[in-house]
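Build the complex: two chains, separate frames, hints provided.
Chains S and U, in that order, give the protein sequences. Residue 1 is where the first sequence starts when you use this note's numbering, and the numbers rise one by one after that. Residue 1 is where the second sequence starts when you use this note's numbering, and the numbers rise one by one after that.
Mixed in with the good hints there might be a few duds.
Quick list of in silico lysine to aspartate or glutamate cross-link-like pairs, DMTMM-like style, CA-CA up to 25 Å [as the list claims (entries may be wrong)]:
| hint | chain 1 | residue 1 | chain 2 | residue 2 |
| --- | --- | --- | --- | --- |
| 1 | S | K303 | S | E227 |
| 2 | S | K125 | S | E227 |
| 3 | S | K311 | U | E231 |
| 4 | S | K303 | U | E231 |
| 5 | S | K249 | S | E182 |
| 6 | U | K194 | U | D311 |
| 7 | U | K179 | U | D311 |
| 8 | S | K303 | U | E4 |
| 9 | S | K311 | S | E227 |
| 10 | U | K179 | U | D169 |
| 11 | S | K311 | U | E4 |
| 12 | S | K125 | S | E182 |
Since the hints were made in silico from the structure, they are not lab data.
Spelled out from the first residue to the last, the chains are:
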Amino acid sequence: MTEAFEILFTASFWVAAIRIASPLIFATMGELICERAGVLNLGIEGIMVAGAFTGWFTVYMGGDLWTGVFVAAMTGAMFGLLHGFLTVPLGLSQHVTGIGITLLASSLTYFTYRILLPEVTSPPKIEPFQPFAVPVLSDIPVLGPALFNQTPLTYLAYVTVAAVAFVLYRTPVGVAVRAVGENPSAVEAQGISVTAVRIGAVMAGSALMAIGGAFLTMSAFNSFFFEMINGRGWIAIALVVFGSWRPGKALIGAILFAAFDAYQVRLQQITGGIIPYQIFLMMPFVLSIVALVVVARRATYPKALMIPYQKGER
Amino acid sequence: MRLEPRTVTSGAATILWPAGAILATIVFSSVLVMIAGASPLTVFWLVVKGAAGSQFAALETLTRATPLIFTGLAVAVAFRARLWNIGAEAQLYLGAVMTVVLGTGAVTLPSAGLIPLIMIAAMLTGALTLLGPAILKTRFGVDEVVTTLLLNFIVLLFVSMLLEGPLKDPMGLGWPQSKRVIADAQLPRLIQGKRLHFGFVLAVVSAIVVWVIMKKTVLGYEMRAVGHNAEAARFAGIPVNRVIVKTALLSGGLAALAGFSEVAGLKGNLTLDLSPGYGYTGIVVAMLAMLNPLGVIAAAIFVAGIFVGADAMSRSANVPSYIAEVMVATSLLTMVAAIMLMRYRVRWR
Numbered sequence: 001m002t003e004a005f006e007i008l009f010t011a012s013f014w015v016a017a018i019r020i021a022s023p024l025i026f027a028t029m030g031e032l033i034c035e036r037a038g039v040l041n042l043g044i045e046g047i048m049v050a051g052a053f054t055g056w057f058t059v060y061m062g063g064d065l066w067t068g069v070f071v072a073a074m075t076g077a078m079f080g081l082l083h084g085f086l087t088v089p090l091g092l093s094q095h096v097t098g099i100g101i102t103l104l105a106s107s108l109t110y111f112t113y114r115i116l117l118p119e120v121t122s123p124p125k126i127e128p129f130q131p132f133a134v135p136v137l138s139d140i141p142v143l144g145p146a147l148f149n150q151t152p153l154t155y156l157a158y159v160t161v162a163a164v165a166f167v168l169y170r171t172p173v174g175v176a177v178r179a180v181g182e183n184p185s186a187v188e189a190q191g192i193s194v195t196a197v198r199i200g201a202v203m204a205g206s207a208l209m210a211i212g213g214a215f216l217t218m219s220a221f222n223s224f225f226f227e228m229i230n231g232r233g234w235i236a237i238a239l240v241v242f243g244s245w246r247p248g249k250a251l252i253g254a255i256l257f258a259a260f261d262a263y264q265v266r267l268q269q270i271t272g273g274i275i276p277y278q279i280f281l282m283m284p285f286v287l288s289i290v291a292l293v294v295v296a297r298r299a300t301y302p303k304a305l306m307i308p309y310q311k312g313e314r
Numbered sequence: 001m002r003l004e005p006r007t008v009t010s011g012a013a014t015i016l017w018p019a020g021a022i023l024a025t026i027v028f029s030s031v032l033v034m035i036a037g038a039s040p041l042t043v044f045w046l047v048v049k050g051a052a053g054s055q056f057a058a059l060e061t062l063t064r065a066t067p068l069i070f071t072g073l074a075v076a077v078a079f080r081a082r083l084w085n086i087g088a089e090a091q092l093y094l095g096a097v098m099t100v101v102l103g104t105g106a107v108t109l110p111s112a113g114l115i116p117l118i119m120i121a122a123m124l125t126g127a128l129t130l131l132g133p134a135i136l137k138t139r140f141g142v143d144e145v146v147t148t149l150l151l152n153f154i155v156l157l158f159v160s161m162l163l164e165g166p167l168k169d170p171m172g173l174g175w176p177q178s179k180r181v182i183a184d185a186q187l188p189r190l191i192q193g194k195r196l197h198f199g200f201v202l203a204v205v206s207a208i209v210v211w212v213i214m215k216k217t218v219l220g221y222e223m224r225a226v227g228h229n230a231e232a233a234r235f236a237g238i239p240v241n242r243v244i245v246k247t248a249l250l251s252g253g254l255a256a257l258a259g260f261s262e263v264a265g266l267k268g269n270l271t272l273d274l275s276p277g278y279g280y281t282g283i284v285v286a287m288l289a290m291l292n293p294l295g296v297i298a299a300a301i302f303v304a305g306i307f308v309g310a311d312a313m314s315r316s317a318n319v320p321s322y323i324a325e326v327m328v329a330t331s332l333l334t335m336v337a338a339i340m341l342m343r344y345r346v347r348w349r
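Only chain U is shown next, with the shape it has when bound in the complex (with noise of 0.2 Å):
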């Protein structure tokens, strides 16, 4: 068997393919749901309902989605320059130590000025944090795959040495926990009374600008030009190295400010559970979206209506919630192998 390429990709392959991948997971899924003894159709359902089916649930799906919008980004923009982050769980976690370092007391300035500093920093700690691996790989060639998964690890230690250390709230009862941000260092609630604030805002508007600099600037063509054949774009005069490193920091900071708007709009403090994988999953979100900064957006909604939508069935079907990893993973798998078939033949010779 062998692949050939296609020279024009039909419209019906372009919907038929990634429909097949869906309804793979969906089929996949069910077969699970029907060994824990539900019926499909049911569980499904009670997902949809859960994710959407109400104001509250909703709006619930979009809180969940805004770090994911954030984290997906970040993978997006690096894949797209072949500079593989993992490490986005770990920008996450220090662009939430750089908001609870600022936002707890130590600045004071009204929120106008508190805010954007805040952001500002949180981003370049993040981005900080992707410059070592960038920086290991152009100039050592130490694998960045690997180098961002341990740091991970690293910075979750760290963070947990800080939260029961320095950041440690001393009215936290003993919990590691940091002390809640000041009002003014909080985002604000997009609707009086309910979860959805700010960061989903900045959220959508961070992937519009994504999208603006990946598509209209010399920088976004040299970081596609970079991730589809790094020679030839070398051998076309631009600086690769450079333009990796580049990309890392606009990587590492769009992933911390995931943190910042977990801690700073709906949390309000940092503890060792701020994110249930974020980081990981952004790499979902990003494959899911073809690596375009504006399909993360509604990636990320999927995504996040899968989670929300999976705890809230677990309360009343005995399906265990892991359901939603479960789908979620296999959606990445089917969603790359569908959109190799949309982009190639398969020739069985």
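This is chain S alone, in the form it adopts within the complex (with noise of 0.2 Å):
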């Protein structure tokens, strides 16, 4: 029993947690500047499929890691502009069209990678991104490794949740943002269009999902396979209520949640096939559930969350 306390305050498990927390960061910031819009994005499972894919194969057809990020982050954007699109000036059910656009973005993706490399049985490699440690805070004990001798891609879901906050609360952009998912009308009273703004912010979102995806094939792994995003697109929604739709506090649940993730991961080594495999494999999706029941009832959601606007319409 104590082995299983102890593993908390070892470094390894929190360079883990943090470890498997980024890409859920990239992705619930990504989901969460959506939602703040007004806009639910359920295209962001998909969309984390096509970010792993394009980014990894950036690099691997020869390309610099950053600039699989960036091309990752252009085809989340891409898919980001489709789904705003159906959504905000037609209007279209956003549960529908995100399901979509799910659809779309994992069958276009595994439909390209069946084209570009026909006659691979395993997965062909890409040399990612490597720790580096931060000098200074690195050898604080414990913390120092978890959160300072991570990979570049992990600094930057740091920098995003920074800067995700300051845009939204500091910035006229991010006025704008929070207005048009509170109430649009207003907004368009000032002379703003409220459709840019929102497939704006979509676009925006949807980019940052797909750098999500692809911190799994440049960073956490360094390959592309089917069924690796694994859920982790409807945990980041998950994430975003019991985050109540702020950063930090999403940023908290992302963490906890990861820490969780690597905790059932050793604690399945420690109970030695006692228990089935598969329970453990469970516990991240059912604590996913159990969280959005404690926050739901005090949950505030954006007010015109789900609603498309109509511009003259009340």
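This is how it looks when you write it as structure tokens:
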């Protein structure tokens, strides 16, 4: 039993937790931006698949790692544009469109993968991002290596949270994004286009989701395989609710969730097969549902979430 | 740009917009086929031939359409009441689990009694699977999209656990698969020696029953009212939460029938690859059918045809069969857009 407890004080455990959290942080911030602007983006799961593939493939073709991240982000933004176009000016059901985007993005990815790499049996590997120890900070016991001996992409995740929080709460753009998610007609009265702000937010958010996917192929692992996103997108949606649509809280949620995930893997090794491994794999998903139930009662949704906006309509 | 409801939808618009959606899908997939280095005409001809070019092909398409009719109905019923059941996959698998639990020898009855018993038990299992998210929605305000999506993963892991544990076939050479259902629990084949089974008839009958429920009963009226405007329905005295729960039970039960019919009619046992995403494809089927239960039959056959045809095509032409998934996803997006444009006029201003 003490063994199960001691895990929590090892640096390697927290290093793993932050590594697991990184793609979730990108995806959660991406979804948060979309929903703050009033658009639910269920395309997230497929956009992460597409980002994971395009980022990895760019590097496989000889591109720079950061070029790969950029290509992934652009891919995400393109799917975001499609989702935005269908749900904002056309006002289509955000649920149905989102599922459609997920189906389209993942099937297009698999199709492209088969065309570009027809003969491979095991996916080729790339040279992924390497951990970079931040001088001084990484020497802090336990937390130092966990937070500051990660790959540059994880550091980008920290920067993303700070940037999203800053932009949302401290800049005119952020005010506009939050306002179109709460009271779009007031924004229109200011002479700002609700359509433009919403589509922009969905594109930016989708770009972050795709980087989250790319983290898996370019930092956590070094190749692309099918089913690798494995529900992380849906978990990010739960994390947005859990974080009550606030970047800071969502970040804490993502790290707690990842810590739990890292913990169940280690617990699995300790218990040595007495409990079926599927129980452990289930726990993150069960935890997400429990977390949703706990916060749902006091959750304050963006008021215009999932409500299409029509100019001149009240 | 803004949308304005059309006062009258002209006959031309009801044909031209959906036709445009299909055309857009064909154009987009043609581009992909050309990127893959094949000729679109040849490829589409091979898809059509593979889906309907022979008795074997046509029967295969109907066989593949069977689970899609069930999941399509499950989604159509739920979406009509704006209950976003994205968890048909989970309900399908648990229906299949119940089929295997009762059908592999635990209960011995003549097939006239055993099959209905298993069917009802499977439906109840599926209904209960969706009851959880429905109650979380009505009681705690938890969004059912997320809970049903997450349940898909939980249930698949649960099934995996069962197939490596209590439900594992001891004669299965170590594969994670269940025992085969006994002869009395099997749905008969419709044509001797062919794969098409009685599940297809059940699916068509279910579609008709659901159509009657939706059009002719109070429950159907209430479901449509709740889906149209929950606030107004509540104001009119409709018990909204109770209607949502009833919808969930019906929807979950229908999805579970897909699992039941795949096991009892086609596969004979339960494996982890019983469904290649029938639950998710059911969403496409329901939307293509514009949530009409009878339309679900046609939409399911259409979608099944694309999958079966593309499988056959990819064996002879050098185009990955994933083109089918792309076509189905594209047709979903273009069709929902077309339906919107059919009902609304775009004003550029």
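Here is how each hint holds up against the structure:
Taken as a hint, the K303 of chain S and E227 of chain S pair is broken in the structure, with Cα atoms around 34 Å apart against an allowance of 25 Å. At roughly 17 Å between alpha-carbon atoms, K125 of chain S and E227 of chain S fall within 25 Å of each other, so this suggested pair holds. The suggested pairing of K311 of chain S with E231 of chain U holds, with an alpha-carbon distance near 23 Å, which does not exceed 25 Å. For the given pair, K303 of chain S sits about 16 Å from E231 of chain U by alpha-carbon distance, which is consistent with the 25 Å threshold.
Distance check on the hinted pair: K249 of chain S and E182 of chain S sit about 20 Å apart at the alpha-carbon level, within 25 Å; holds. Proximity of K194 of chain U to D311 of chain U is assessed by CA-CA distance (about 19 Å); at most 25 Å being required, the pair is judged to hold. Between K179 of chain U and D311 of chain U the CA atoms are separated by roughly 28 Å; this puts the pair beyond 25 Å, and the hint is violated. Taking the CA atoms of K303 of chain S and E4 of chain U, the gap is about 24 Å. The hint holds against a cut of 25 Å.
A distance of roughly 41 Å separates the Cα atoms of K311 of chain S and E227 of chain S; the hinted pair therefore is violated under the 25 Å criterion. Between K179 of chain U and D169 of chain U the alpha-carbon distance is near 5 Å, which keeps this suggested pair within the 25 Å criterion. Among the hinted pairs, K311 of chain S with E4 of chain U is consistent with the structure: their alpha-carbon atoms are about 10 Å apart, no more than 25 Å. For the hint pairing K125 of chain S with E182 of chain S, the CA-to-CA distance comes to about 45 Å; that exceeds 25 Å, so the pair is violated.
Against the hints set out earlier in the document, violations occur for numbers 1, 7, 9 and 12.
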